[in-house]
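**Student:** Those protein sequences? They're chains Z and F, same order as listed. First residue of the first sequence? That's 1 in the UniProt record's numbering, and the numbers climb one at a time after it. First residue of the second sequence? That's 1 in the UniProt record's numbering, and the numbers climb one at a time after it.
Everything labelled a hint here was simulated from the structure, so no lab data went into it. Where hints are given, some of them may not hold.
Among the chain Z residues that face chain F by a calculated CB cut under 10 Å, a handful are [unchecked claim]:
#  : residue
1  : 119
2  : 137
3  : 147
4  : 150
5  : 159
6  : 160
7  : 161
8  : 176
9  : 184
10 : 186
11 : 212
12 : 216
13 : 222
14 : 223
15 : 275
16 : 277
Here a beta-carbon is modelled for each residue, glycine too, at the ideal position from N, C-alpha and C.
Protein chains: 2
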Amino acid sequence: MDIDICDILGIKYPIIQGAMAWVATAELSSAVSNAGGLGILSPVTTKGLVKEIKIMKGLTKKPFGVNIPIMNPNSDEIVKIVIEEGIPIVTTSVGDPNRFTSIFKKEGIKVIHVVTNIKHAKRAEDAGVDAVVAMGVEAGGHIGKEEITTSVLVQNIVNNVKIPVIAAGGIVNSNNFSSVLALGAEGVQCGTRFIATEECIAHDNYKRAIINAESDSTEVIARGIFPARVIKNGFYEWFEALTREEKVDKSLFDINFARSAILDGDIKNGAIWAGQNVGMIKKVIKVKDVIKEMMNR
Amino acid sequence: MDIDICDILGIKYPIIQGAMAWVATAELSSAVSNAGGLGILSPVTTKGLVKEIKIMKGLTKKPFGVNIPIMNPNSDEIVKIVIEEGIPIVTTSVGDPNRFTSIFKKEGIKVIHVVTNIKHAKRAEDAGVDAVVAMGVEAGGHIGKEEITTSVLVQNIVNNVKIPVIAAGGIVNSNNFSSVLALGAEGVQCGTRFIATEECIAHDNYKRAIINAESDSTEVIARGIFPARVIKNGFYEWFEALTREEKVDKSLFDINFARSAILDGDIKNGAIWAGQNVGMIKKVIKVKDVIKEMMNR
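Using the sequences and the accompanying hints, generate a full structural model.
**Tutor:** As structure tokens, then:
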């Protein structure tokens with residue numbers, strides 16, 4: 001490999017923390033950056049984002065990033081904040097990378113684009129991004145419609161682009177890391193594993209739901225519309241009934257379903273976003289221990 | 001690892017050829033066994049099986065196996081044939097491993113049971129099988145209802161049983177092999193990769209459909225009923241329409257849909273069974289070159 005992802009991003013370990021809605025706050029992201037990985041803040045609100053960036057700067061001197069869902073109605077505003085605040089790295093997702101990439105590159109900001117198929121990986125490379133995250137069907141929360149597994153996706157994208165590929169979806173420990181390195185990935189992005197950490201502000205019920213789940217505990221809802229992976233519970237049953245009655249449409253695309261599980265701890269009626277590899281997450285541990293185990297290969 | 005899967009099976013390389021209906025004939029299976037892997041015959045009919053075993057014995061002196069779908073109406077008869085013919089190894093699938101395992105063990109026959117979830121892996125271990133094949137959602141043809149990906153399934157099963165675990169689903173080259181070894185697998189079982197070989201009797205149209213397919217070319221049909229992975233074509237469209245009209249039931253579980261694509265080459269209206277990693281299969285090659293590449297790690 002010509003370019004090393006750690007050199008590009010100025011980090012020690014090629015481990016990126018996914019920008020999970022509600023919980024990718026300064027507490028979690030600074031712990032990841034301080035441990036040598038790359039913390040990424042999630043902009044649930046623009047006002048909240050400015051506040052989180054300020055807290056983050058007080059908690060770490062290491063590089064960190066901000067996630068920008070490109071189709072988010074506030075994305076122009078988020079881009080403005082990122083530039084004003086001198087954020088060195090962004091991850092972009094859900095939308096055309098051509099929209100913002102050249103603006104970021106002009107400002108010297110590194111861009112990592114999240115993709116779920118080969119076509120979008122090539123488009124991101126053409127748009128000039130520095131790396132792509134190849135996010136497979138194992139991931140928690142919203143996933144790609146194609147439902148390509150992480151290992152298949154990583155290998156095929158590595159085969160089709162020249163920029164570094166970061167694997168996401170089902171990566172919870174050092175063996176998963178080794179496994180995707182064998183397929184040509186240069187790094188990993190982890191979501192669910194970082195929820196079950198001491199530093200994450202997620203509700204204890206949510207963390208416990210992850211710890212107690214097994215490899216067959218998750219399912220995909222809203223297939224073909226806005227697919228998302230959740231742990232099966234009351235919310236899942238309700239959603240499945242709506243699906244059978246053909247009552248699912250875009251109006252049900254509401255991250256507040258997840259908020260109630262994630263922040264309020266309503267793991268009966270809330271959407272418990274989690275990746276398929278939850279069965280391998282057995283304890284709430286410190287962020288630095290997640291990263292230490294993952295690099296111990 | 002205490003027990004080596006190659007020692008158990010008396011083979012050189014831990015590469016098993018999946019018992020694909022219609023095409024796991026003596027031509028293909030003997031080539032796999034002769035190249036150091038383990039060829040497995042598929043018993044589409046019991047009469048056909050006896051014939052294939054005789055041809056097989058003429059083509060190889062190496063160990064080979066027979067697959068027994070336990071719930072197959074002819075499974076008792078197949079078991080009888082296997083014992084009479086002195087077959088050293090069986091793979092069993094689709095059914096309770098307790099039904100035949102002790103009979104095989106008494107005869108000194110090695111048993112590998114194919115599973116798609118942890119519970120069935122534990123049941124197989126308790127039944128006394130020698131190894132399990134952990135078959136993930138990437139596999140072609142019929143797959144498990146749980147839709148657990150190969151990497152998640154392998155890692156979780158390795159974590160839950162003491163017997164060797166063989167990975168299946170999406171394994172087409174040496175990088176895939178390295179990838180599952182990192183998760184604790186001891187070997188691999190490959191299906192789709194062996195279809196696109198010179199020795200396989202599959203119709204050229206079927207082989208070409210595999211060669212031309214990409215990582216987003218396959219889809220799962222009959223979810224929750226008898227899920228199977230196929231390459232999207234006219235058959236797929238027809239089946240999806242039936243699904244939308246809620247007209248899919250067990251009566252549509254008919255391997256003749258696959259036969260017309262596999263043997264007759266009707267890749268428009270037949271079910272083109274193929275694994276999700278077809279995008280990495282670019283050429284029809286010799287069986288020995290599949291195995292050589294896979295061991296070249």
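**Student:** Hint by hint, say whether it matches the structure.
**Tutor:** Checked hints:
no. : hint : verdict
1   : 119  : holds, 8 Å
2   : 137  : holds, 7 Å
3   : 147  : holds, 8 Å
4   : 150  : holds, 7 Å
5   : 159  : holds, 7 Å
6   : 160  : holds, 9 Å
7   : 161  : violated, 13 Å
8   : 176  : holds, 7 Å
9   : 184  : holds, 7 Å
10  : 186  : violated, 14 Å
11  : 212  : violated, 14 Å
12  : 216  : holds, 5 Å
13  : 222  : violated, 14 Å
14  : 223  : holds, 8 Å
15  : 275  : holds, 9 Å
16  : 277  : holds, 5 Å
In this structure, the earlier hints numbered 7, 10, 11 and 13 are contradicted, and the remaining ones agree with it.
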